[in-house]
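Make a model of the complete structure from these sequences and hints.
Line by line, the protein sequences are chains F and H. Taking the numbering used here, the leading residue of the first sequence gets 3, the next gets one more, and so forth. Taking the numbering used here, the leading residue of the second sequence gets 22, the next gets one more, and so forth.
Think of the hints as simulated: they come from the structure by calculation, not from any bench. Worth double-checking, as some hints may not be accurate.
Claimed, not checked - Pulled a few chain H residues facing chain F out of the computed Cβ check, cut under 10 Å:
#	residue
1	89
2	91
3	92
4	94
5	117
6	119
7	142
8	174
9	234
10	252
11	266
12	277
13	278
14	281
15	297
Stated by the list, open to error - Some chain H residues flagged as far from chain F (calculated, every beta-carbon gap over 12 Å):
#	residue
16	77
17	83
18	85
19	160
All C-beta atoms, glycine included, are put in the ideal place defined by N, C-alpha and C.
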Amino acid sequence: MTGTGLAQPGEVSPHSVQRERVTSAELRRHRRRSSVLAQAPSLLVLAVVVVFPLLYSINLSFRSYSLVTPNHTGQWIGLDNYTRMLHDDDFHHAIVVTAIFVVAAVALETILGLVVGTLIDRLRRTRRVAVSMLLLPMIVTPLVVGLMFNFALNAQFGYLTWAMKSIGLTAGVGALNSTPGALVVLVLIDVWEWFPFVALMVLAGLQTLPKEPFEAASIDGASTLQSYRYITLPMLAPILGVAVLFRATEAVREFDKVYVLTGGGPGSATTVNDLYQYRVSFLDWDLSYGATLGLVSFAFVLLLSGVMYRTLSRKEVQR
Amino acid sequence: MITQTVFSRPLKAAFAVLIGVAFIGYLSPLIWLVLSSFKNRVDIFATPPSFIFHPTLSNYVVAFGQKGFGTNLRNSVIVAVASSAIALLIGIPAAYRLSRHRSRFQGAFLLALLAARLLPAMVLSVPLFVLASDVGLSGTYVAVVAAHLTFSIPFTVWMMRGFFLAVPASLDEAARLDGCSEISAFFRIVLPLTRGGVAATAIFLLINSWNEFLFALILTGRSTATLPVAIPNLLTPIGTFWGQIAAVATVTVIPVCVFAFVVQKYMVAGLTGGAMAGE
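What follows is the structure in structure tokens.
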């Protein structure tokens with residue numbers, strides 16, 4: 003049945019194109035039916051597990067629903083949760099911590115990823131090995147990443163604490179127990195885990211670059227550094243933008259590592275947005291307020307990625 | 022890129038050693054974790070850190086034999102396999118249609134899937150927790166598997182759409198002209214050509230579900246807890262069993278690392294959820 007058609011896959015004569023058009027007109031109704039069959043299950047499941055819960059959450063955000071406070075069983079309270087959010091200092095603090103974390107981590111990841119990606123691109127035989135090494139931190143269970151640094155940075159016996167002490171970087175208390183130290187450590191762990199992502203994107207980008215501009219530049223006497231600065235970097239800009247977009251939208255939801263590394267402490271020094279929401283919803287059991295905070299965060303993530311995407315595509319049009 | 026700097030042989034060797042040391046330093050937290058899982062209490066708490074020690078398997082024996090982490094391992098496998106299988110089963114047909122037909126509806130579907138990928142787990146965790154409790158599914162496998170579908174279905178559709186787009190549509194049209202139905206053209210021609218893509222997608226689905234923490238934390242109970250949920254239980258106020266933590270963490274991480282090497286080629290696509298085709 004399939005024999006002859008497969009023998010010459012590339013051969014599309016004008017005649018067969020015409021025939022296809024006729025058959026497609028005949029089969030339109032059949033196709034619509036099979037389209038429903040092919041996509042209905044996924045749409046149905048997503049409606050149940052994503053759309054309905056999301057609508058439920060929106061409804062919940064206008065009510066008071068708590069599992070521990072009596073008389074908070076879902077009464078309509080209008081915009082109270084939203085006005086409460088505006089005056090919630092702990093939430094504002096969590097937003098500031100998250101902003102510092104995201105900006106610092108993503109900036110460092112971009113710079114380091116660019117450098118390492120460029121260096122690896124110059125490797126020949128060891129390249130595959132280097133890339134596989136870089137992949138490990140990204141795919142290791144995030145909770146385990148938090149745990150292993152908790153272990154390595156233990157104030158008494160952690161090997162990293164010991165290493166830092168021997169070069170005089172930390173005195174006694176351990177990096178996780180000081181207020182600026184814990185956030186710095188959290189940023190550095192995220193960089194450890196995710197700069198390879200940027201490096202990998204850079205590597206993929208470098209392979210698609212055309213050779214001609216570089217040949218022209220070297221004929222014109224440009225140095226390696228000059229052609230990197232004026233040819234490679236501008237051509238890499240779009241893919242770097244995509245990498246930053248991905249990293250930013252993921253770093254905004256940081257949870258696993260902080261949960262097991264510091265639990266948000268010391269004090270509230272590392273209480274990022276998602277950890278604060280977790281506390282509100284699942285430790286204080288104030289589920290309606292937790293839903294409100296979540297929805298506002300999601301709206302912000304959508305806005306952020308929308309804006310970043312727009313700027314990216316505008317840049318691409320300009321070039 | 023054009024001008025390769027020429028190094029002398031000893032300089033090259035020194036450079037290679039330097040890179041090797043840098044990588045060992047970079048991966049040292051992971052190496053240290055695995056080493057510590059074979060240490061006894063004395064060696065774990067030693068300062069300065071002990072690099073040479075008598076390896077022991079007692080941490081593994083205690084954690085998986087006496088403390089029941091075998092159950093958590095089984096739970097992790099069940100949740101990962103179930104959610105990945107369902108996502109593939111219903112995601113692949115949807116992805117194939119998306120790759121072959123363009124319409125306003127299909128465009129909207131694709132965009133909605135992208136928005137679903139941006140949805141923070143924390144946002145869904147509250148309603149999923151309340152709904153699961155309401156219908157009595159809290160603490161069951163069904164609840165976690167359903168929660169994992171929220172990210173694995175969009176992932177499958179985006180990934181597989183990319184692989185299907187790489188198969189020229191003229192191939193299945195040729196088969197259709199020869200009398201194949203759309204379904205048999207898909208099974209006889211398109212699916213065999215994208216076997217590698219299906220395998221890669223499956224592996225990423227397994228890894229993502231295996232590594233997921235928040236949904237599992239909120240929706241599983243004592244008997245259904247996955248490995249990431251169970252490990253922090255060893256961090257107790259009375260004392261932390263670091264050796265056992267290291268042992269369970271090692272078991273959690275090893276399968277992921279092995280799988281990652283298999284799909285190395287597709288890593289860029291996998292990490293960006295199919296948004297980038299990559300190498």
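Here is how each hint holds up against the structure:
no.: 1; hint: 89; in the structure: 19 Å, violated
no.: 2; hint: 91; in the structure: 18 Å, violated
no.: 3; hint: 92; in the structure: 18 Å, violated
no.: 4; hint: 94; in the structure: 13 Å, violated
no.: 5; hint: 117; in the structure: 7 Å, holds
no.: 6; hint: 119; in the structure: 8 Å, holds
no.: 7; hint: 142; in the structure: 7 Å, holds
no.: 8; hint: 174; in the structure: 6 Å, holds
no.: 9; hint: 234; in the structure: 5 Å, holds
no.: 10; hint: 252; in the structure: 7 Å, holds
no.: 11; hint: 266; in the structure: 6 Å, holds
no.: 12; hint: 277; in the structure: 5 Å, holds
no.: 13; hint: 278; in the structure: 6 Å, holds
no.: 14; hint: 281; in the structure: 4 Å, holds
no.: 15; hint: 297; in the structure: 7 Å, holds
no.: 16; hint: 77; in the structure: 18 Å, holds
no.: 17; hint: 83; in the structure: 17 Å, holds
no.: 18; hint: 85; in the structure: 16 Å, holds
no.: 19; hint: 160; in the structure: 14 Å, holds
The structure does not agree with the numbered hints 1, 2, 3 and 4 stated previously, though it agrees with the rest.
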